[in-house]
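Chains X and C, in that order, give the protein sequences. Numbers given in the numbering used here equal positions in the first sequence, counted from 1, plus 3. Numbers given in the numbering used here equal positions in the second sequence, counted from 1, plus 1221.
Heads up, a few of these hints could be off.
[Said to hold, decoys possible] To give an idea of the chain X side of the interface with chain C (calculated C-beta under 10 angstroms), a few residues:
no.: 1; residue: L171
no.: 2; residue: N402
no.: 3; residue: K444
no.: 4; residue: D600
[To be verified] In silico DSBU-like pairs for lysine-lysine, Cα to Cα no more than 30 angstroms straight-line:
no.: 5; chain 1: X; residue 1: K669; chain 2: C; residue 2: K1471
no.: 6; chain 1: X; residue 1: K544; chain 2: X; residue 2: K444
no.: 7; chain 1: X; residue 1: K288; chain 2: C; residue 2: K1471
no.: 8; chain 1: X; residue 1: K453; chain 2: X; residue 2: K423
no.: 9; chain 1: X; residue 1: K288; chain 2: X; residue 2: K350
no.: 10; chain 1: X; residue 1: K676; chain 2: C; residue 2: K1302
no.: 11; chain 1: X; residue 1: K293; chain 2: C; residue 2: K1302
no.: 12; chain 1: C; residue 1: K1302; chain 2: X; residue 2: K294
[Stated by the list, open to error] So, partial list: chain X residues that the calculated Cβ filter (under 7 angstroms) puts toward chain C:
no.: 13; residue: V9
no.: 14; residue: S10
no.: 15; residue: Q13
no.: 16; residue: E296
no.: 17; residue: V403
no.: 18; residue: S406
no.: 19; residue: Q408
no.: 20; residue: R417
no.: 21; residue: L508
Everything labelled a hint here was simulated from the structure, so no lab data went into it. Think of the CB as a built atom: it goes at the ideal place given N, C-alpha and C, for glycine as much as any other residue.
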Amino acid sequence: MVEVIVSPAQARYLVVQGRVLFSIIPLLGIACFAYIMAKRVAPLLQSAPDFRFDQISIRLTRSLKYWLGQWRQPRYLLAGVLHIILFAGFVTLSVRSVSLVALGINDSLVVPGFSGGVGHFYNLIKDYAATLVFLCVMIAAIRRGVIKPARYAVPARYGKDHTSEAILVLGLIAILIASESAFEASRAAIQMQLGQPAETLAPLSLAWMMRNALVSTPRPWLQNLHLDSYLIHELTFFAFLCFLPMGKHFHVITSLFNVYFAKLRRGTVKPVRWGVGDDQLDQVKSFGVKKFEDFTWKHMLDFYSCADCGRCSDQCPANAVGRPLSPRFITIKARDYSFRHYPLFGKPRESEPLIGGIYSEDEIWSCTTCGACEEECPLMMEYIDKIVDLRRGMIDEGNVPQSLQKPLKSLESRGNPYGKQEKKKAEWTKNKDFQQMCNVKVLDGKNSAKTLYFVDSITSYDDRMQSIGRATARILSAAGEDFGILGPAEKDSGNEVRRFGEEMLFQSLRDHNADAIKASRVQRIVTADPHAYNALKNDYKGLPPVEHISQLIAREVKAGKIKLNRVESNEAVYTYHDPCYLGRHNQVYDDPRGVLDAIPGLKRVEMSRCRDRSFCCGGGGLMLFYEPQEEQRMGVLRANMAAEAGANVIVTACPFCMVNIEDGIKVAGLEEKMTVIDLAELVDKHIVSESPASA
Amino acid sequence: MEILVCARRVPDTSENEIQLNSAGNDIERDDLVYSVNEWDNYAVEEAIQIVDRLGGNVTVVTVGNEDDEEILRREMAMGAKHGVLISDEAFDGSDGRGLATILAAFVKKGKYDLVLTGVQAEAGEAQVGGMLAAMLDYPFASLVNSIEAFDGKLKVSREIEGGNREMNEIDLPCVLSIQTGINEPRYVGIRGIRQVASVEIPSYGASDLSLDASAVGEAAAKVKRVDYFVPPMAKGAEMLQGDREEIASKVIELIKAKGGLK
Chain X
4 MVEVIVSPAQ ARYLVVQGRV LFSIIPLLGI ACFAYIMAKR VAPLLQSAPD
54 FRFDQISIRL TRSLKYWLGQ WRQPRYLLAG VLHIILFAGF VTLSVRSVSL
104 VALGINDSLV VPGFSGGVGH FYNLIKDYAA TLVFLCVMIA AIRRGVIKPA
154 RYAVPARYGK DHTSEAILVL GLIAILIASE SAFEASRAAI QMQLGQPAET
204 LAPLSLAWMM RNALVSTPRP WLQNLHLDSY LIHELTFFAF LCFLPMGKHF
254 HVITSLFNVY FAKLRRGTVK PVRWGVGDDQ LDQVKSFGVK KFEDFTWKHM
304 LDFYSCADCG RCSDQCPANA VGRPLSPRFI TIKARDYSFR HYPLFGKPRE
354 SEPLIGGIYS EDEIWSCTTC GACEEECPLM MEYIDKIVDL RRGMIDEGNV
404 PQSLQKPLKS LESRGNPYGK QEKKKAEWTK NKDFQQMCNV KVLDGKNSAK
454 TLYFVDSITS YDDRMQSIGR ATARILSAAG EDFGILGPAE KDSGNEVRRF
504 GEEMLFQSLR DHNADAIKAS RVQRIVTADP HAYNALKNDY KGLPPVEHIS
554 QLIAREVKAG KIKLNRVESN EAVYTYHDPC YLGRHNQVYD DPRGVLDAIP
604 GLKRVEMSRC RDRSFCCGGG GLMLFYEPQE EQRMGVLRAN MAAEAGANVI
654 VTACPFCMVN IEDGIKVAGL EEKMTVIDLA ELVDKHIVSE SPASA
Chain C
1222 MEILVCARRV PDTSENEIQL NSAGNDIERD DLVYSVNEWD NYAVEEAIQI
1272 VDRLGGNVTV VTVGNEDDEE ILRREMAMGA KHGVLISDEA FDGSDGRGLA
1322 TILAAFVKKG KYDLVLTGVQ AEAGEAQVGG MLAAMLDYPF ASLVNSIEAF
1372 DGKLKVSREI EGGNREMNEI DLPCVLSIQT GINEPRYVGI RGIRQVASVE
1422 IPSYGASDLS LDASAVGEAA AKVKRVDYFV PPMAKGAEML QGDREEIASK
1472 VIELIKAKGG LK
């Protein structure tokens, strides 16, 4: 067979031989790309350490699921499906891109393993992949350019609109696909004209359609199209490669690493400095993140990897109520800072303080650490650890809102944020009616018990929340638990103390409680406060197993130890509000729902934002003291969501949710139509008492 | 500028339930937690901010005993360079004048451009600042809520009736009593205090300050506390009944009746 088509390698482009030109372009392109990447890696070399080289098999499995499998993408269905197709197309076409580059150097270079039958099959697949990517690019361009979903908008205070960058990249991808198809189609058209056996083009693919359109085009034109489309593809390909690290499309390169190195342990907070034990912290000169270089390399990688999709901020309750926080821009501002301070040309610029620079104090204090952003991010980026690190930096400088200083001081001197006396910690048990039914032991060395009920500050001291404490104690009695409380020896669990960045205070609370718990010799711990649950389970070490009361109730209901009466009212429609520290941070979603469904006759509906998309009530612990700038309260939005779902009773399982939702109901003007009750209180009301007195 | 701040350790009213003891001559002191007197904390913050702008050092002094070192360390963790404890059994039971006498003796030993006190202490009588200035023959401004330095003088504003401000120029050296709200004091955590835990805190007694022991202490006190009592509960508050509009109109009537509305 006589080859009548001149290939790019054999052709002459003006005065240059194709194979020379197409050896130089990749060399220049790769050199340029390597230079840019070296500049991008520079700040990572100045960063704080981060230990992410463990648990290889778990990390690989998660990479398969979240990176290759794009697990979180369909949570936003249209965008997610488009992205999955684009991603699969990119992965498929990467082989073609490499082989095309090789073809320019030598016609016979083939990617290993892609000769023969595999190659022909691959060619069919990649034609369809290219066609699908092309279609997705068109739809994506219409979404970005015409429909403009709200979550892509850039509020004025965060800078300029990002649409042009998105459209530019979509354009580059379209050019890549079109030129590759034209390259294929023009050759196939010539082969058809000559009656030669041609590489089969996948029917109905872009290349196939182009060939059909070109089949009667004069041969010299086709030859030129063949060579020009190759040149365009080659130039666009390397331009695209070098453009990737300039903005949000950096994720094309970094996403695999970002997902592989993602945080594995939910509900935890990173140490002040990786590799420095708690007992050596006094030697650490500066705490937390004050300048960009204080971030860990993984956190910097997060900044690079952000695809600017806006899902975090779309889910963020602080953003929803108009607090000055949008997680997306925590990242974008840091990325832009990095690009500015580590420029492609010239020396790195002097670093500037982040607070008062790219971030404001209120922005960083606005976060409730609910975790909605992290749950949503398709690239598994972390926000809470960064927020906590920035807060640690502010605490270290003494830069703490006045509203938080009193509770912090009280936590230091009294072990609770309210400044209440330790000796009054067990007063909630002294209620007369309650004492007749249930005598709560204080595990002070004289008394012992199998189970510790860890009450925590708000339930111990707040008049309203003490009722949750008493309900919990009655449930424990009804379930036949041998239990007690620490009483005055119990200090605040410190969940928010750590998350507000006061690490040393947290550690002193933790050490005190851990000693008291160990001294009590209990075999397990139960709490009705998800914040205490999270701290004891994830932040403390070496404690007996910890359970939330909802888990215990669910188990005892199943075992038949707790029996529940029928609901009294048929009017009541219940909905369950997932507390962040029970749901998202600890994955307890089903037990509380199971308990509700075990109450005969109980009607339950779900809010549209439930389970791992639950909407934070406003935040617990120290967040109750902070005075945020906001347009409305999260609790108000949440109460309205319950009303929209058709519920008139919100059941929660956290005293802080109770505070915020109770307030939210009042402010929303729903007092007549909506109530809120704690799961423990609800169960306590319905429990079948087996004592003869009340039988 | 060398600044001296006089500070005091007091029972924290937000973290204690203050009750009289059974004898009725003091408050119940078991199970109290203490902190820096709030006004003094603002004074220290202000001193640190002035020094940050103009250079110099902040020294914090307190009259008390070893337990009071705790607040000196807290203020040093904030940024005060030195902490000084003035402690002597002879000082026990001093009245406001006695305290001012002790502090004046200490001020004379050093060389301070500016002496700050809090307007008052939670357990005190708001006497020391003014008396200290008189004993030193320094100019004095009370209730200061902003300080600006220029040409070796200070421009200070004082809080006057109705939240208004009065601007004054005052020569140095001088004594100022600082009002809360003049700034936002920085936070001090356990970590900050630990970092200054091993700093030596000098202690001065009566002889170090060349003080005549008979001029201070309980014997010299001319103001003596004779009793504490809880004022009798006044008639209970009147709870207005009715719906929102009824309550509002009743409130208006009541205010009118008392001459609050015309």
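Inset, instruction - Given the hint that X/K544 pairs with X/K444, test it: the Cα-Cα distance must not exceed 30 angstroms. - result: holds (25 angstroms)
Inset, instruction - Using Cβ atoms only, decide whether X/V403 comes closer than 7 angstroms to chain C, and label the hint accordingly. - result: holds (4 angstroms)
Legend entry - Agreement of hint X/R417 with chain C interface, Cβ distance less than 7 angstroms: holds (5 angstroms)
Inset, instruction - Identify whether the interface hint at X/S406 stands, where standing means a beta carbon of chain C within less than 7 angstroms of its own. - result: violated (11 angstroms)
Legend entry - 30 angstroms Cα cutoff - pair X/K453, X/K423: holds (28 angstroms)
Inset, instruction - Classify the hint on X/Q13 as holds or violated, based on whether any CB of chain C lies nearer than 7 angstroms to its CB. - result: At 71 angstroms from the nearest chain C Cβ, X/Q13 fails the 7 angstroms test, so the hint is violated.
Legend entry - Hint check, X/K444 versus chain C [nearest Cβ-Cβ separation less than 10 angstroms]: Hint violated; X/K444 Cβ to chain C Cβ min 23 angstroms, cut 10 angstroms.
Legend entry - Interface restraint verdict for X/Q408 against chain C (beta-carbon cut-off 7 angstroms): At 5 angstroms from the nearest chain C Cβ, X/Q408 passes the 7 angstroms test, so the hint holds.
Inset, instruction - Please work out if C/K1302 and X/K294 have their alpha carbons no farther apart than 30 angstroms. - result: Distance ~26 angstroms between C/K1302 and X/K294 Cα, so the pair holds.
Inset, instruction - Let me know if the C-beta of X/V9 comes in closer than 7 angstroms to any C-beta of chain C, holds or violated. - result: Status violated, d = 74 angstroms.
Inset, instruction - Mind checking the CB of X/L171 against every CB in chain C and telling me if the closest is under 10 angstroms? - result: Violated: closest Cβ of chain C sits about 46 angstroms from X/L171, beyond 10 angstroms.
Inset, instruction - Mind checking the alpha carbons of X/K293 and C/K1302 for me, to see if they're no more than 30 angstroms apart? - result: holds (24 angstroms)
Checked against the numbered hints given earlier, this structure breaks hints 1, 3, 4, 7, 10, 13, 14, 15, 16, 18; the rest are met.
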